[in-house]
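Hey, can you work out the whole structure from these sequences and the hints?
Chains A, B, C and D, in that order, are what the protein sequence lines are.
Numbering-wise, the numbering used here puts 0 at position 9 of the first sequence, and it's gapless, one number per residue.
Numbering-wise, the numbering used here puts 104 at position 113 of the second sequence, and it's gapless, one number per residue.
Numbering-wise, the numbering used here puts 111 at position 120 of the third sequence, and it's gapless, one number per residue.
Numbering-wise, the numbering used here puts 154 at position 163 of the fourth sequence, and it's gapless, one number per residue.
By construction, these hints were calculated from the structure, which means they are not laboratory data.
A hint or two may mislead.
Heads up, the list lumps identical chains together, so a pair's fine if it works in one copy or across two of them.
[Unchecked claim] Distance condition first, Cα-Cα at most 25 angstroms in a straight line; then the derived SDA-like pairs of lysine to any residue:
#, residue 1, residue 2
1, K213, D125
2, K192, D102
3, K71, Q224
4, K212, M199
5, K213, L112
6, K192, N41
7, K48, N225
8, K38, D186
9, K48, S36
10, K200, K213
11, K189, D33
12, K192, G101
13, K71, M109
14, K44, D190
15, K129, S63
16, K212, T123
17, K26, K129
18, K192, N42
19, K192, S63
20, K203, S105
21, K129, L46
22, K52, V79
23, K192, D33
24, K203, N156
25, K38, A98
4 protein chains.
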Amino acid sequence: MKMNMLFNQKAKQIIKDTLGTSKEKIEESFVAQEKRFEIVTDLLSDKSINNHKELYKAYLKAFNEISAKLDSIDKASADKNHSDFRSVKLDETFNMNGAYLHELYFANIGDSNSQINMDTLSFMRINRDFGTFDDWQKDFIACGKSARNCWVITYYNIFTQSLMNCFIDLHSQNVPVGMYPVIVVDMWDHAYYKDYLKDSKSYLVGMMKQLKWNVIEERIKKTDKIGQILRGQNV
Amino acid sequence: MKMNMLFNQKAKQIIKDTLGTSKEKIEESFVAQEKRFEIVTDLLSDKSINNHKELYKAYLKAFNEISAKLDSIDKASADKNHSDFRSVKLDETFNMNGAYLHELYFANIGDSNSQINMDTLSFMRINRDFGTFDDWQKDFIACGKSARNCWVITYYNIFTQSLMNCFIDLHSQNVPVGMYPVIVVDMWDHAYYKDYLKDSKSYLVGMMKQLKWNVIEERIKKTDKIGQILRGQNV
Amino acid sequence: MKMNMLFNQKAKQIIKDTLGTSKEKIEESFVAQEKRFEIVTDLLSDKSINNHKELYKAYLKAFNEISAKLDSIDKASADKNHSDFRSVKLDETFNMNGAYLHELYFANIGDSNSQINMDTLSFMRINRDFGTFDDWQKDFIACGKSARNCWVITYYNIFTQSLMNCFIDLHSQNVPVGMYPVIVVDMWDHAYYKDYLKDSKSYLVGMMKQLKWNVIEERIKKTDKIGQILRGQNV
Amino acid sequence: MKMNMLFNQKAKQIIKDTLGTSKEKIEESFVAQEKRFEIVTDLLSDKSINNHKELYKAYLKAFNEISAKLDSIDKASADKNHSDFRSVKLDETFNMNGAYLHELYFANIGDSNSQINMDTLSFMRINRDFGTFDDWQKDFIACGKSARNCWVITYYNIFTQSLMNCFIDLHSQNVPVGMYPVIVVDMWDHAYYKDYLKDSKSYLVGMMKQLKWNVIEERIKKTDKIGQILRGQNV
Chain A
-8 MKMNMLFNQK AKQIIKDTLG TSKEKIEESF VAQEKRFEIV TDLLSDKSIN NHKELYKAYL
52 KAFNEISAKL DSIDKASADK NHSDFRSVKL DETFNMNGAY LHELYFANIG DSNSQINMDT
112 LSFMRINRDF GTFDDWQKDF IACGKSARNC WVITYYNIFT QSLMNCFIDL HSQNVPVGMY
172 PVIVVDMWDH AYYKDYLKDS KSYLVGMMKQ LKWNVIEERI KKTDKIGQIL RGQNV
Chain B
-8 MKMNMLFNQK AKQIIKDTLG TSKEKIEESF VAQEKRFEIV TDLLSDKSIN NHKELYKAYL
52 KAFNEISAKL DSIDKASADK NHSDFRSVKL DETFNMNGAY LHELYFANIG DSNSQINMDT
112 LSFMRINRDF GTFDDWQKDF IACGKSARNC WVITYYNIFT QSLMNCFIDL HSQNVPVGMY
172 PVIVVDMWDH AYYKDYLKDS KSYLVGMMKQ LKWNVIEERI KKTDKIGQIL RGQNV
Chain C
-8 MKMNMLFNQK AKQIIKDTLG TSKEKIEESF VAQEKRFEIV TDLLSDKSIN NHKELYKAYL
52 KAFNEISAKL DSIDKASADK NHSDFRSVKL DETFNMNGAY LHELYFANIG DSNSQINMDT
112 LSFMRINRDF GTFDDWQKDF IACGKSARNC WVITYYNIFT QSLMNCFIDL HSQNVPVGMY
172 PVIVVDMWDH AYYKDYLKDS KSYLVGMMKQ LKWNVIEERI KKTDKIGQIL RGQNV
Chain D
-8 MKMNMLFNQK AKQIIKDTLG TSKEKIEESF VAQEKRFEIV TDLLSDKSIN NHKELYKAYL
52 KAFNEISAKL DSIDKASADK NHSDFRSVKL DETFNMNGAY LHELYFANIG DSNSQINMDT
112 LSFMRINRDF GTFDDWQKDF IACGKSARNC WVITYYNIFT QSLMNCFIDL HSQNVPVGMY
172 PVIVVDMWDH AYYKDYLKDS KSYLVGMMKQ LKWNVIEERI KKTDKIGQIL RGQNV
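Structure representation (structure tokens):
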């Protein structure tokens, strides 16, 4: 995996070590790099897709700004009632989640020839953990209909070591700890309102019919190996 | 790793397959099993520790009840304004996080001879990702002072592939997606109020002096391997 | 003021007393009655307005269902980790706020001849509490740009006994206690995305230019009297 | 009512006008003044009470600091993803609610001769809106057991024009719009953990037996007059 987004501090150090550039001079743009996505789908208007990409850029920009701020923020006066540190850390989680979830979403939608084969690991793991593929679909749709502006996700839970569905509200609320996301659909109003108004179900079902199962398969394969590591097995 | 907590559905299936027991007859107690912890510390009163164990049991009990409910809940009427499905899924995340985070917390505190060696992976990774060990400490304390009833955590971020600190509010708010927790301290009022009242800093600094670094080392080793898998390297 | 929305229990009692109808037989539709709004504005498409009215009805419907549920819910097993009572009460606040705020919003927008006179109480109170009318506008817009799917509100604060601005997230988060709303604009994505996509500022500024100041004036007059009562003065 | 807490901007203006003092020179202490409370109860230890008063002061201090900050904050760059304005406004609500609710709480507890008379308005209104006094008690306790670190409140709802119970989480979550609080009990762990650990029900029931009904009666009387104003009646 080419790691296109690097954590601020680490990235700066690597660049500094490599180029001999002083930390102060490194442009923010080096830090969390924007990924390019070609989203080809008849389910969304071009205006809606372009608008969505702009939102993604905004999360990325905020995340970078926050990472830079945290390098020099006053930590001694951190306080739970009110402090810059608390505020900035809250927004770090919000924008970091916003940025990464959009990347995962853009990368796993828009396959008009979408098809899941029964001999894939994805199919087997979904069956193992949800009963049947149809059960997964019903549960995923139920989660999508329950999200208050946010995400519906099939994730690998590192504690239960199985796939589960969840919905997230506002990027950082109702988030399971130990989640590795494998199927991600954006359920914010901003994702579909231009084209569907309140009919979120049509949007969601449409998206599920165009999932890029080859992308999902690669993610699922990784979760299987992560599970082996967590159980102390050889990979 | 011996997996003491199994996800409801999977566990039931395994038991069903093995014993030929019908799904309906499986006792809840089979599902998410309570772990036993010996917490030996001069930092907390026995009453406080026993009380805390009872809280952990309550989260586990609620998580089990919820898992059972979800087996037969009405998914067709899932709705974001109001539905049983939404409500129960919200509490699933809350109690699941509550249960697992308490396990991680109990397991990594209470070593009166606590010591981190400079040749451990923990020490090296903390230095790599926070600058110095002292920087990690300052950031961890700042996060602890910023949490509104909840958790301060050093976690491995699967996206940035580095260690970061965060605080969580009320178990499931302000949670980074893709988090593998490695150092966990409970900052709910319930953790320290009996013994410290509002002096949360004394409690937190005390806890940090008694961290079980051997436990943390095992967690960090796993995160290193997870990172290799995420980058497509051989483990 | 004609009170079009009555609280469940009270409404049932009144109807029961008046008509001799048994409590059980009262139709839900009697309880929280839908208000009709004519929203005439060139700022929003008809599709967007109709969609918005449907959302309002859905909040009202959920609020009524919840009120009915609460009449017979199990209160003895109320629990903060997980209980029907907690879940339903959370959604009561969410949908009640959703219903009432939409009524206030619909009632105070869409005046194409909008004008605030300098001899109105509205103008005087805004000047007293914000410095100048322009300061209020800037603060209101800043709040509108800060809301994460929700509301920007000028409200009379019963504690400070003055007008303040706030934004609310998701209907029931970040809500000041003791708030009497006087100017209300919906900043959920659902309010403007069909027509404006992410350009929320154009929508907001447009709405502010079409505020129904005669409606707001009536609200402000009431807050002035409420203030007198709070200070123990004769009204 | 003597108004001991004044809103920042207004207070400064009044003081400035009266004394000719420059805005910059006004001490923060003028702005939101601390109230003194004598809390006499056998239900809480002195340590716990003193600790609680310190928490109240901290909320007040943060609220004052925030009010001062807001006078000169950058509003033009207000943004929902990340901005100082959003962060500070969030904490304004949190600390303002924290300060006022503690004042209401301290003022209505600790009467060892607590008694509610059947000819009081409080008793009549509670009966009108909850059915019976006993129904109110059960509902209030159920709310108290459902709060996740926060408040249980009987409030006058300006929309339904009746008394309702609610619980609030973390000061500013799950807050009904249009709430005038009349009976307030603190259900944060910080209120009772020193003396009761997780036995919150004993604490709550104890508090309910020592409510200052004379204080509550004054509040209820005001809500009755507010209701008359809202209905356009003469007071």
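These are the hints, each one checked on the structure:
1. Within a single copy, K213 and D125 get their C-alpha atoms as close as 23 angstroms, which meets the 25 angstroms cut-off; across copies the closest is 34 angstroms, which misses it.
2. Proximity of K192 to D102 under the C-alpha cut-off of 25 angstroms is restricted to the intra-copy arrangement: shortest distance 19 angstroms within a copy versus 34 angstroms between copies.
3. Taking the shortest Cα distances, K71 and Q224 never come within 25 angstroms of each other, neither inside one copy (41 angstroms) nor across copies (39 angstroms).
4. Proximity of K212 to M199 under the C-alpha cut-off of 25 angstroms is restricted to the intra-copy arrangement: shortest distance 20 angstroms within a copy versus 37 angstroms between copies.
5. When the C-alpha separation of K213 and L112 is checked against a cutoff of 25 angstroms, the pair qualifies both within a copy, at 11 angstroms, and between copies, at 23 angstroms.
6. For the identical chains of this complex, K192 and N41 are neighbours both inside a copy (22 angstroms) and across copies (18 angstroms), given an alpha-carbon limit of 25 angstroms.
7. Taking the closest pair of Cα atoms, K48 and N225 never come within 25 angstroms of each other, the shortest separation being 39 angstroms inside a single copy and 33 angstroms across copies.
8. In this homomeric assembly, K38 and D186 come within 25 angstroms of each other (Cα to Cα) both inside a single copy, at 9 angstroms, and across copies, at 11 angstroms.
9. Taking the closest pair of Cα atoms, K48 and S36 come within 25 angstroms of each other only inside a single copy of the chain (19 angstroms); across copies the shortest separation is 28 angstroms, beyond that limit.
10. In this assembly of identical chains, the alpha carbons of K200 and K213 lie at most 25 angstroms apart only when taken from the same copy (23 angstroms versus 36 angstroms across copies).
11. In this homomeric assembly, K189 and D33 come within 25 angstroms of each other (Cα to Cα) both inside a single copy, at 19 angstroms, and across copies, at 21 angstroms.
12. For a Cα distance limit of 25 angstroms, the shortest separation of K192 from G101 inside one copy, 17 angstroms, qualifies, whereas the shortest one across copies, 31 angstroms, does not.
13. With identical chains, the CA atoms of K71 and M109 are never at most 25 angstroms apart, being 50 angstroms at best within one copy and 32 angstroms at best between copies.
14. Proximity of K44 to D190 under the C-alpha cut-off of 25 angstroms is found in both arrangements, the shortest distances being 22 angstroms within a copy and 14 angstroms between copies.
15. In this homomeric assembly, K129 and S63 come within 25 angstroms of each other (Cα to Cα) only across copies, at 13 angstroms, whereas the closest approach inside a single copy is 47 angstroms.
16. Within a single copy, K212 and T123 get their C-alpha atoms as close as 19 angstroms, which meets the 25 angstroms cut-off; across copies the closest is 35 angstroms, which misses it.
17. Taking the shortest alpha-carbon separations for K26 and K129, neither the intra-copy value of 32 angstroms nor the inter-copy value of 33 angstroms comes in at or below 25 angstroms.
18. For a Cα distance limit of 25 angstroms, the shortest separation of K192 from N42 qualifies both inside one copy, at 21 angstroms, and across copies, at 15 angstroms.
19. For the homomeric pair K192 and S63, the shortest alpha-carbon distance between copies (22 angstroms) is at most 25 angstroms, but the shortest distance inside one copy (45 angstroms) is not.
20. For a Cα distance limit of 25 angstroms, the shortest separation of K203 from S105 inside one copy, 6 angstroms, qualifies, whereas the shortest one across copies, 48 angstroms, does not.
21. With identical chains, the CA atoms of K129 and L46 are at most 25 angstroms apart between copies only, with a shortest distance of 24 angstroms across copies and 29 angstroms within one.
22. Proximity of K52 to V79 under the C-alpha cut-off of 25 angstroms is found in both arrangements, the shortest distances being 14 angstroms within a copy and 21 angstroms between copies.
23. In this homomeric assembly, K192 and D33 come within 25 angstroms of each other (Cα to Cα) only inside a single copy, at 16 angstroms, whereas the closest approach across copies is 29 angstroms.
24. In this assembly of identical chains, the alpha carbons of K203 and N156 lie at most 25 angstroms apart only when taken from the same copy (18 angstroms versus 33 angstroms across copies).
25. Taking CA atoms no more than 25 angstroms apart as the test, K38 paired with A98 passes inside one copy only; the shortest distance there is 19 angstroms, against 31 angstroms between copies.
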